[in-house]
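With the hints as a guide, bring both chains together as one complex.
As given, the protein sequences belong to chains A and B, one line each in that order.
Residue numbering for the first sequence follows my numbering, starting at 1 and increasing by one per position.
Residue numbering for the second sequence follows my numbering, starting at 369 and increasing by one per position.
These aren't lab readings, by the way, just hints derived from the structure by calculation.
Do not rely on the hints blindly, as some may be mistaken.
To be verified - Quick list of simulated restraints, FRET-style, between CB atoms: (1) A:D167 with B:K464: 33 to 41 Å; (2) B:R469 with A:T266: 36 to 44 Å; (3) B:L644 with A:Q130: 23 to 31 Å; (4) B:V453 with A:V18: 32 to 40 Å; (5) B:L470 with A:L185: 25 to 33 Å; (6) B:Q434 with A:R103: 45 to 53 Å.
Said to hold, decoys possible - Which residues of chain B face chain A? A few of them, derived with a C-beta cut under 10 Å, are: (7) E556; (8) D560; (9) G562; (10) R567; (11) S568; (12) A571.
Each residue gets a CB set at the ideal place from its N, CA and C atoms; glycine is no exception.
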Amino acid sequence: MSNIVEIGGLRKTFAGGVVAVQDVTLAVREGEFITLLGPSGCGKTTILRLIAGFERPDRGRIALAGTDVTDLPPYRRQVNMVFQDYALFPHMTVAQNVGYGLRVSGVPREEIGLSVEAALASVSLSDKAQRRPHELSGGQRQRVALARALVRKPKVLLLDEPLSALDANLRAAMQVELKHLHERLGLTFIMVTHDQTEALVMSDRVVVMRAGRIEQDGRPAELYDRPRTLYVAQFLGTSNLLRGRVASTAGGRATIDCGGQRLSATVDGVALAVGEAVTLCIRPEKTVLAANGAASAEHNRLEGRLRETLFHGSTARLMVDVGQPDAFAVDVQLQDTTSAVVLPKSGDVVTLAVHPRNVAIFPAEAVA
Amino acid sequence: MTARAPIRPLRAAILSLPLLWTLAFLIVPYLIIFTISFYTRKYPTHLPDFQFGNYLAIFQDPQYYQVLWRTAKIAIVVALLATLVSYPLAYFLVFKVRSVRLRAALYMLVIVPLWVSYLLRAYTWKTILGSEGILNSFLMTLGLLDGPSPLFLYNQFAMVVTLTYIFVPFMVMPIYTALEKIPRNLLEASGDLGVGPLRSFFAVTLPLSMPGVIAGVTFTFCLTFGDFVAPLLVGGPDGQMIANVIASQFGATLNWPLGSALSIVMLLVVLAVLSLSSRLDRSGRVELA
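Pulled out of the complex, with its shape left as it was, chain B reads as follows (with noise of 0.2 Å):
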C-alpha cells in the first residue's frame, strides 16, 4: 500500500489527460449543440431560450425533411449497393483464392484506398464521371455517345457512386472477417448431409458472417448520413445532404438554433442505427466453438 500510494496522483493525471480531452471536445461541445437547438434565431445571432420551433421547423418545412428523407434514403442505397459489392468481393478472396499469400495482398489492394485522402478519391470520380470525363470520352470512342453527356456529375446517382466507391472497404473489412471465421468443416458437414454448395451457402455460410455484413451496414449507412464531400464535390443543385444543411445554418445562412436542431436529429438517427444494429449483432451472434 505504501509503496503504490505515490504512484496513485499520477496514474490519475495519466488518465486524466484522454478524459479531459473527451470532455472539452466532444461532450461540451454536444452539450453546447443541444442548449442552441433550443435558442430562437435573431439575426445576426440568437437568443439564449427553451422552445421547439426549431424542431417544428424541421419536420413541418419541407426543404429540410426532405433533405433528411433524401440523405438517408442515399444512405440506405450506398449500404445496400457497398454490401452487394462487397459481399461477393469478401467470399471470393476468402474461399476461391487459396494462395494465402494472394488472399492478404489482395485484401490490402482493397484496403489501401482508405490510406489515400478520402477528398482525393471523391474528386477522382469527379474527373471520371464529368463532361470532360474518362467515362463520356470512353463511350464516345465506343460511338455510344455523340458528344459528352452531363447527365453523369452534379446528381444523385453520381453520388451513390462516389459513395459506394469510398466506403466498400469500409464494408468488406467486417465480412472478410466474418467469413474468414467460419470453420471450414461446418461447410464440409453441409455438403457430407447432402446439401448442395448453393443451399449451403443460404443455410450456413450467410447466416454466419452476418454479424459482419452487419457491421459494414452500419458503418457504411452511418458514414454515408453524415457524409459532407460528395455531395458538394459531385452532388450538384438537387444532391445536397443534411451535413450540408447544417454547415449552411453555421455558415451563410447564419441560423445556429436550426443547425443545431438538425445536428441533434442526424445525431439520433445515427444513435438509433448503432443500437439497433447491436441489438441485431447480438441476437445473430453465435458461438464459432
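Excised from the complex, chain A in its bound form (with noise of 0.2 Å):
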C-alpha cells in the first residue's frame, strides 16, 4: 500500500511564540483509518489544519498523494474535513450545504442532484434535504457535515473531533457507524480527538501526541499493551503506578523494590541500573485476587488492604491501598453470579497477583 499523506519535519509556531507542532514526520497508508490522539494543546487538530491548508507551516512539508501540497490553499487540495462544529452553511438548506462543494467544480446541475440525494442517502437524511441547519438535531448536522465533505470525494477525509459536539449514547452508535463507513468506502480517514476510547475503537493506527511531538504511534492494542512511556500507558486507558527502586537484574527480568513489596517485571531492552528509581505500571484488569485461584507460582504478589469496591455492572473495581500514593486499582469479572467470586470487605488484606509481562517498567519522571 502507497502512503496517501506523507509529512516530513513539519513545524507550526503561532504568534506570540507557541510552538503548537514541532517536527514532525507521519506517513499515512492509503485507506487507513488513522487517529492523533491527546490532550488539548498538544498539537493535533494544528497538524488536521496543516493538512486541510489553513494553516501554513514554517518548516517541513506535506505530499498528498505523492503532490506536494505545502504551498497549494485549501480549495486546491483533494481532502475534505468534518468539523468540530459542523461548520455548516446556515443560509442554506441541507441539500445546498452538500451540493456547495460541487457546484464550483462545473459539475452539471442534475448531476449533483444526484450525487446530493445519494450522498444524503447515504447517511440517512433523505427526508431532510430542504431543511436549514438550524433545525436538525446535533446527530443530524454531524451527518450532513459527513455528507458535504464525502460528496466531492475527497483523497483523505479530516475529521476534528467530529464525535465531541454529540451525547455519550450517539456518540458510542456514531464511532461504530463512522467505523463501518471508513470500511465500506475504504477512503483514508485522518480523525483528531483527544477521547482515548474513541482512539482505540475506531482507529487502525493511533498516533499519541504530546506537546507538538509523535509520543508513540502504532496499532491501537499495541499502544495499550507495549506503551513506550509513562504518558501513553497513562493516556490509554487506566493504569496503576508503582514507585520504586530496582533491586536485581537477571535474565530479561528486573525485581524492584515498591515499598518492601518486591514485584519482578520483564525488561525489553531498557538498560537497568541496580538502585535507579523506576515507575511500574500495571493495568487493573491484568491483575487478579490470588485468592480466586488463576495467579500460578510465577506471577508477583502485592499485599494490601481493600479500601472500597466500586460496582460497574459487569466488573467490580477494587481499590487496594499498597503503600503507595494511589490507591491500586483491580477489576473482577463478575461473569456467573452463582459461582460468585468470593469478593472481600473493606479492611480486609487481600493479596494481589499479577505476570511479570505484565509489569512495564519505566524509568522515574515526572507523572504528568
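Laid out in C-alpha cells, this is it:
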C-alpha cells in the first residue's frame, strides 16, 4: 500500500511564540483510519489544519498522493474536513450545503442533484434535504457535515473531534457507524480526538501526541499493551503506578522494590541500573486476586488492604491500598453469579497477583 | 403581597415618567401635526377644517413632489455610496487586520467623528469644497485648474459628498458587527469544499452579512431623507430637501397646514422604509448556530 499523505519535518509556531507542532514526520497509508490522539494543546488539530491547508507550516513539507501540496491553498487540495462544530452554512438548506462543493467544480446540475441525493441517502437524511441546519439535531448536523465532505470524493477525509459535540449514547453509535463507513468506502480517514476510547475503537492506527511531538505511533492494541512511555500508558486506559527502585536484574527480568514489596517485571531493551528509581505501570484488568486461584507461581504477589469496592455492573473495581500514594485498582469480572467470586470486604487484607510480563517499567520521570 | 403593595404606586410613578415624556413630546405633537395637516390655510394663520387639499397640493404642485423625489433620490444615492465605502472598510477591519488591538483602534477612529458635532462636520465640507477651499487650491497647485472652480459647492454633488461622509460610521457599525459574527470556520469550510476566496465571499460572507447592510442602508436612508443641515450649508438653490421645505412652511411662508401634510408624508416614507427593512431582515435572518 502506498502512502497517501506524507508529512516531513513539520513545524508550526503561532503568534506569541507558541510552538504547536515541532518536527512531526508521519506517513499515512492509503485506506488507513489513523487517529491523532492527545490532550488539548498537543498540536493534533494543528496538524489536521496544516493538512487541510488552513495553516501554513514554518518548516516541513506535506505531500498528498505523491504531490507536494505545502504551498497550495485549501481549495486546491483534494482533502475534505468534517469540522468539530460542523460549520454548516446556516443560510443554505441541507441539500445546498451538501451540493455546495460540487457547484463550483463545474459538475452539471442534474449530476449534482443525483450526487446530493445519494450522499444524503447514505447518511439516512433524504427526508431532511430542504431543512435548514438549525432545524436539525446535533447528530443530524454531523451527518450533513459528513455527507458534504464525502460528496466531493476526497482523497483523504479529515475529522476534527467529530463526535465531541454529541451526547454519550449517540457518540458510541456514531463511533461504530464511522468505522463501518470507513470500511465501506475504503477511504483514508485522519481523525483528531482527545478521547482514548474513540481512538482505540475506531482506528487502524493511533498516533499519540504530546506537546507538539509524536510520542508513540502504532495499532491500538500495541499502544495499549506495550506503551513506550509512561505518558502513553497513562493516557490510554487506566494504569496503576507504583514507585520503586531496582533491586536486581537477571535474565530479562528485573526485581523492583516498591516500598517493601518486591515485584519482578519483564525487561525488554531498557538498561536498568541497580538502585535506579523507576515507575511500574500495571493495568487493573491484568491483575487478579490471588485468592481466586488464577495465579501461578510465576505471578508477582502484592499485599494490600481493600479500601473500597466500586461496582460497575459487569465488573467490580477494587481499590487496594498497597502502600503507594494512590490506591491500586483491580478489576474483577462478575460473569457468573452462581459461582460468584467471593469479593473481600473493605478493610480486608488481600493478595493481588500479576504476571511479570504485565508489569511495565519506566524510568521515574515527573508523572504528567 | 402585603409587603409589595406599598411599592406599587411608587413603581407606577417611576414608570409613568418616561411614558408621560413620550406622550407629551412625541405622541401629542404627532397628533397635532396630523390634525393641522387637514386644516385650511388662512394667512397669516389657519382655520380648523377637514380637507385633503394640502395632500393634493403636494402631489400636484411640482415644487413639492419634485423636492420629495429629489430627497428620495439623494437618500438612495447616499445610502448606496455609503455602502460602497463602508463595506470594504468594515471587511478590511474584520478580516484583514490581524491584531485585535489595532482593529479596535481603527474601528474607534471610524466611529469617533460621531462625537463631533454634526453641524461642524458638515461645515468642514464647506471649507473643503468652497472656491477658497482645500480642493480648489490643491487642484490649482497641481495645475489642473487655472482658477478656483465654483462647481464643487452649493449643489447636489456637494450634498451627497457631505452626507455620505457623515453617515459612513452609521453604515460601518452594523456591517462590522455582522461580519464579526460570521464564524471563521464557515469560510474555512468553503475553502475546504474547493471554493476560492472570491466565490466564497459571494456565497457565504455577503449573504451572512446582509442584516448589517440592511440595517446600515436603513439608517443612512432615513437620516438622509430627514436631513436639514447639509442642504442649508452646502446644498445651494437646487439642493433643497424636504426638511428645508417643511421648515420654511412653518417659518417664512407661514403655511402650517401644508408643512404638517409634508411632515406626515415624510413620516410615512420613513415608516415604510423601516417596515420594509425589518421584513427583509427577518426573512434573511439565519441562525448562526
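Checking each numbered hint in turn, tell me which of them this model violates, lowest number first.
Hints 2 and 5 are the ones this structure does not satisfy, whereas the remaining hints hold.
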